[in-house]
Amino acid sequence: MKGTNIILCGIGGEGLVMLSNVIGEACRLAGKNVISGEMHGLAQRSGSVIVHMRIGEEVLSPLIPPGEADMIVALEAMEALRYLYYLKPGGVVLTNKRLVHPPGETHDLVMKKIDKYVEYDEVVEAIKEAGAELREVNALSLAKKAGEVRAQNVVMVGALCSALEGVIPRDSLIQAVKGTVPEKAVESNVEAFELGVDAYGD
Amino acid sequence: MSFKDVIDEEEREAYMLCNEAIVRAALEADVQLVSFYPGAPQTEILDNFERASNKYDLRIEVAANEKVALETVAGGAMLGKRSLTSMKSVGTNVASDALYTLAYTGLDGGCLCLIADDPHAHSSQSEQDGRWFGLTAYLPMLEPSTPREAMEMVKKGFELSEEFGTLVLIRTTTRVNHQSGIVPLGPMDRTPFEKVSWKDMKRPYTSVGELARKGKKEMLERMENIREKMADSSLNRIEYFDGKKLMDEGGSEEELGVITAGVAHSYTVEALSRLELSAKILKLGVINPLPEEVIKKFCEGLDKVVVVEELSPYIEDVVRRLVKDVDVYGKRTGHLSEALEYDIPAVIQGLSEITGVEEPFDYKEHCRKMKKYAEILPQRLPVFCAGCPHRATFWALRRAVGDPDKVFFANDIGCYSMMCLPPIQWSDTLLCMGASMGVAAGVQYAAEEKTIAVIGDSTLFHAGLPGVVNLVHNEDDVTIFVLDNAVTAMTGQQSHPGNPKKAGGREGKKVDIRPVLEGIGVEKIYDISSYEVKDNVDTIKEALAHQGVSAVISHGECALYHFRNYRHAGGELVPYFIDLNKCESVHACVLNFMCPAISVMPEEDGKARIHQDICVGCGVCSKLCPKGAIKSTATMYGGDDKPVLTVEDYEKYQEKKEAEK
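Protein chains in written order, with the numbering used here: chain A, 1 to 202; chain B, 1 to 661.
No lab work stands behind these hints: they were computed from the structure.
These numbers were taken from a predicted model, which means no experiment stands behind them.
Yeah, the Cβ is synthetic: ideal placement off N, Cα and C, and Gly gets one too.
Keep in mind that a hint or two might mislead.
What the hints assert, rightly or not - When the alpha-carbon atoms are kept at most 27 Å apart in a straight line, the in silico DSSO-like pairs for lysine-lysine are as follows:
| # | chain 1 | residue 1 | chain 2 | residue 2 |
| --- | --- | --- | --- | --- |
| 1 | A | Lys112 | B | Lys450 |
| 2 | B | Lys214 | B | Lys155 |
| 3 | A | Lys2 | B | Lys369 |
| 4 | B | Lys155 | A | Lys113 |
| 5 | B | Lys244 | A | Lys88 |
| 6 | B | Lys627 | A | Lys113 |
| 7 | B | Lys369 | A | Lys113 |
| 8 | A | Lys113 | B | Lys371 |
| 9 | A | Lys88 | A | Lys2 |
| 10 | B | Lys582 | A | Lys116 |
| 11 | B | Lys245 | A | Lys88 |
| 12 | A | Lys2 | B | Lys364 |
| 13 | B | Lys372 | A | Lys112 |
Said to hold, decoys possible - Covered by chain A, per the in silico footprint, the following chain B stretches (three or more residues, Cβ under 8 Å):
| # | region |
| --- | --- |
| 14 | 7–15 |
| 15 | 179–188 |
| 16 | 255–267 |
| 17 | 371–384 |
| 18 | 452–463 |
To be verified - Each pair of labels, with its calculated beta carbon distance range:
| # | chain 1 | residue 1 | chain 2 | residue 2 | range |
| --- | --- | --- | --- | --- | --- |
| 19 | B | Arg320 | A | Leu140 | 56 to 64 Å |
| 20 | B | Leu246 | A | Lys97 | 37 to 45 Å |
| 21 | B | Gly519 | A | Lys116 | 49 to 57 Å |
| 22 | B | Gly356 | A | Leu140 | 47 to 55 Å |
Only chain A is shown next, with the shape it has when bound in the complex (with noise of 0.2 Å):
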């Protein structure tokens, strides 16, 4: 089953199912067909979230096997390490450039059960080692220079256009982001797109 499998994985609150929206409509709006599976653990925020995304004619399966993934993008590092194990040998990681350490990892530092917190670097080396293909995005600073804050979710739509060049085109992934976002936040939006466009070859 060919196919085009992007594993999207971050912390609930952070947008990542309007992230996946804004795929699986830029997929019909370019006439691709395309399938997803998104599952949200127990907590509304603060929680590991993942979604599926599957886009190609012969895909059925809402759930991508583990190594068979062509891309990881993480809205969080943490969480594209933790979900490494869809990637394909080689396939490319994308990542938001921030580590949010979860209340548990706190408790544990104070409590002295380990002695420091994950470090970012660390995280990354761990995504290297395994023989994926590291990208980076700062996305909250991008976000920024669009004047929106919580564009970060777009920021990296922006990237993965790059990423994905020749899977959907840049105008229906722009005209999906156009169509998801509030009708006020749409310039900053398409800003913070074109920032994340340009931040994938850096």
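Using the hints provided, position chain B relative to the given structure of chain A.
Same frame as chain A, now just chain B:
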């Protein structure tokens, strides 16, 4: 892509979540009355109907529980209105009393009940298999695999319901409900909601004794009619897989047959593809009554038949009964699991063992290897949100109790269920909606420790009240904690009878919890404000000391709900911050508090830090800090709402103040 598509009247294709597609299909089918109690994985059906009710003329209720919801839509169907309810797997247990008898009475109007199972118990207390409801209640049941099929089956379901005069069940699973795909949007031919005369369509919907015996006979005849009529339904289809692609027509040389239904169909086809196996596939869409003749005919001439279905061997056992001269494989032969949800590797493993074709890829070894890299990561477990009133209530409760071993803690279903998960793990029981009350009644007889029963407001209205009545009547010794956060928080802050708003955000009548408990006869009732953690400790101690039934109602709106409303009303969040000059790293704000907005700074002697983008400003942590080091960013400006401020801003402010002196 979003709700916009659900109500878009243009006939085109849309990218939709299955739950949205179900709502769309029901709207196209001119559904007139809907009622629900929220619960994963079907809550988005309620959410989308609530929004649609602002555009279309239909009646909608957020019901007190699933039984009430089913009875409500049945009432509408008795008057000929197309009506629909949906419920999570275990919600059907609550509704089942009405469900079983509705099969006896039949229903004249089109009526659908969707049962959303949760294999893997992603967000449920069990992996219950809802297909048995159809079989044991004698109700037809359809099962879609995709959003597109779900739309087709909703429409077909209404037709079937009207044709045979029966409630029709649709069974989904989490991976179907939460699957998105491309679906066709059909015409929206809706009619306005109008009252009709009961006199014109009157007939008894009664079942007892003689009437029940008559009803049973009619029900069996009805089911026989449906069996005949549905025998060649296009919802059951035969497909051929040639090792590479799926086809409607195939050769006659296939030796392997697969019978499957639901999302397992998609895993099966992709597994066959990776194994390059050719097979004949029977994809069942009608789950009750199963098309027995179709199954028999399908199996003719095959060497092996594999049944791929999630959870119990519901189809497999029927196939075993019907087919004697073909080897049947599945759960009974140990090739596929009765536990957990399936995925492509699970089906590959089963098919590989059955056929002897080698697995193309060692998924297990791959996962083991890759997960080793992730061992450096901390777990990201679900926690109470920043500003959650439950965190504050449990902090006070824990202080009031002292040693958690001094009480028996009967917990219930809601966000507060998370108390039973690590690292806190403080709950002695967690069974089902409302169970804390009943369990507490039994425990208080036998346990030397004090019994406490914790329940949320929505859960109290759903299934807790009979338990409270029972406690009071029997003069039991239990302290009840009602966590009144105004909404059914866990499923996305839907309204419930204790909220002044009803479905669709319209004004309703708020049912106050205190007078309800007073009316039942709870002897001592204490109202506390969740965030007032320090004061609450003594109040809770007093409640716990009472012999008999006492209740503490902890009032504090769900933080997501409260602060969203606050922001929509133009309010700015005012976060708290740590005064680094005062913080002495005692970590009262971290230990057993677990706020996602608080971490520590190892580079600053482990002093705490409040993330300004996460803190909503509930201020509870500032009340716990023995050093007075946690302050609101508003305090320095006389309490006015201000945009997000940082520690740096505060330091500059302090410097400025010093300079002014």
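For each hint, the structure was consulted:
Distance hint between A:Lys112 and B:Lys450 is unfulfilled; the C-alpha atoms sit about 33 Å from each other, more than 27 Å. Under the criterion of a C-alpha separation no larger than 27 Å, the hint pairing B:Lys214 with B:Lys155 is inconsistent with the structure, at around 30 Å. At roughly 25 Å between alpha-carbon atoms, A:Lys2 and B:Lys369 fall within 27 Å of each other, so this suggested pair holds. Of the pairs offered as hints, the one joining B:Lys155 and A:Lys113 is violated, with about 56 Å between alpha carbons and a cut-off of 27 Å exceeded.
Annotation: proposed proximity of B:Lys244 to A:Lys88 holds, straight-line Cα distance about 21 Å (limit 27 Å). Taking the CA atoms of B:Lys627 and A:Lys113, the gap is near 25 Å; set against the 27 Å cutoff, the hint holds. A C-alpha spacing of about 25 Å is found between B:Lys369 and A:Lys113, which places the hinted pair at or below 27 Å, so the restraint holds. Our distance criterion of 27 Å between C-alpha atoms is met by A:Lys113 and B:Lys371, whose separation comes to about 21 Å.
Between A:Lys88 and A:Lys2, the direct Cα distance comes to roughly 13 Å. Compliance with the 27 Å bound is thereby established for this hinted pair. For the given pair, B:Lys582 sits about 23 Å from A:Lys116 by alpha-carbon distance, which is consistent with the 27 Å threshold. The straight-line distance between the Cα atoms of B:Lys245 and A:Lys88 is roughly 23 Å, inside the 27 Å bound, and the hint therefore holds. Our distance criterion of 27 Å between C-alpha atoms is met by A:Lys2 and B:Lys364, whose separation comes to about 22 Å.
Note on B:Lys372 and A:Lys112: the hinted pairing holds, with a Cα-Cα distance of about 23 Å set against a maximum of 27 Å. Under the rule that three or more residues need a Cβ within less than 8 Å of chain A, the assignment of the region 7–15 of chain B holds, with 3 such residues. Beta-carbon proximity to chain A at under 8 Å applies to 4 residues in the region 179–188 of chain B; the threshold of 3 is reached and the given coverage holds. A stretch counts as covered by a chain when three or more of its residues have a beta carbon under 8 Å from one of that chain; for the region 255–267 of chain B and chain A the count is 4, and the coverage holds.
Counting residues of the region 371–384 of chain B whose beta carbon lies closer than 8 Å to any beta carbon of chain A gives 11, which reaches the threshold of three, so the coverage claim holds. Check result for the region 452–463 of chain B against chain A: violated, 0 residues qualifying (beta carbon to beta carbon below 8 Å, three or more required). The hint said 56 to 64 Å for the Cβ distance between B:Arg320 and A:Leu140, and at roughly 58 Å that hint holds. For B:Leu246 and A:Lys97, the hinted distance range of 37 to 45 Å is satisfied, since their beta carbons lie about 42 Å from each other.
A C-beta distance of roughly 56 Å is found between B:Gly519 and A:Lys116, which places it inside the suggested range of 49 to 57 Å. For the pair B:Gly356 and A:Leu140, the supplied restraint of 47 to 55 Å holds, since their beta-carbon distance comes to about 53 Å.
Checked against the numbered hints above, the structure breaks hints 1, 2, 4, 18 and satisfies the rest.
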